[in-house]
Amino acid sequence: MSARSKARKRALDVLFESEVRGLPVGGTLPDRIEDNDPPVNEFTVALVEGVAKNIGAIDDLLSAHSVGWTLDRMPAVDRNILRIGAYELLYDDQVPDVVAVSEAVALARDLSTDESPAFVNGLLARLLQLKPTLGI
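Take the sequence shown: its position 128, counting from 1, is numbered 128 in the numbering used here, and each next residue is one higher.
Derived by calculation from the structure, the hints in this document are not laboratory data. Hints are supplied without guarantee of correctness; some may be wrong.
[Claimed, not checked] Listed next, with one range per pair, are the computed distances between beta-carbon atoms:
1. Val98 - Thr133: 28 to 38 Å
2. Asn41 - Thr133: 14 to 24 Å
3. Thr133 - Glu34: 34 to 44 Å
4. Arg73 - Gly22: 34 to 44 Å
5. Gly135 - Met1: 17 to 27 Å
6. Thr70 - Ile33: 12 to 22 Å
7. Thr133 - Asn36: 16 to 26 Å
8. Pro38 - Pro132: 30 to 40 Å
[Claimed, not checked] Subject to a maximum C-alpha distance of 30 Å in a straight line, what follows is the list of computed DSS-like cross-link-like pairs (lysine-lysine):
9. Lys131 - Lys9
10. Lys53 - Lys6
11. Lys53 - Lys9
12. Lys131 - Lys53
13. Lys131 - Lys6
In this text, a Cβ means the ideal position worked out from N, Cα and C, and glycines have one as well.
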């Protein structure tokens, strides 16, 4: 697993933990940085902070383009994988679009249900289609 893939997994851990504990998006990041076990690298911090900064727009887009699923009905793992993927796809110019989608699908394949990779791929592919018209 590449360093960036590990950083994405760590960002997912932080986002998921924050949600499960009822904290704001990324609310456990300061504790994870302080603990540093496992280490939290700069890319993980950038992902968590980027998702937190843009959570309203990201969740609105995911809600608007998710067919048959509301954000509340999605498994928490999928919801947070999609948030990371959408952030990278729409807000991080350093990450190629195809990599953002591929990495999100890989996380879903490794950590969620059998149906999750196809769902994540489909929703992020839709956002990729719409990206030129979103004005982001």
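Quick rundown of the hints versus the structure:
no., hint, result
1, Val98 - Thr133: 28 to 38 Å, "19 Å, violated"
2, Asn41 - Thr133: 14 to 24 Å, "34 Å, violated"
3, Thr133 - Glu34: 34 to 44 Å, "41 Å, holds"
4, Arg73 - Gly22: 34 to 44 Å, "18 Å, violated"
5, Gly135 - Met1: 17 to 27 Å, "35 Å, violated"
6, Thr70 - Ile33: 12 to 22 Å, "32 Å, violated"
7, Thr133 - Asn36: 16 to 26 Å, "41 Å, violated"
8, Pro38 - Pro132: 30 to 40 Å, "38 Å, holds"
9, Lys131 - Lys9, "24 Å, holds"
10, Lys53 - Lys6, "22 Å, holds"
11, Lys53 - Lys9, "19 Å, holds"
12, Lys131 - Lys53, "19 Å, holds"
13, Lys131 - Lys6, "26 Å, holds"
The structure is inconsistent with the numbered hints 1, 2, 4, 5, 6, 7, although it conforms to all the rest.
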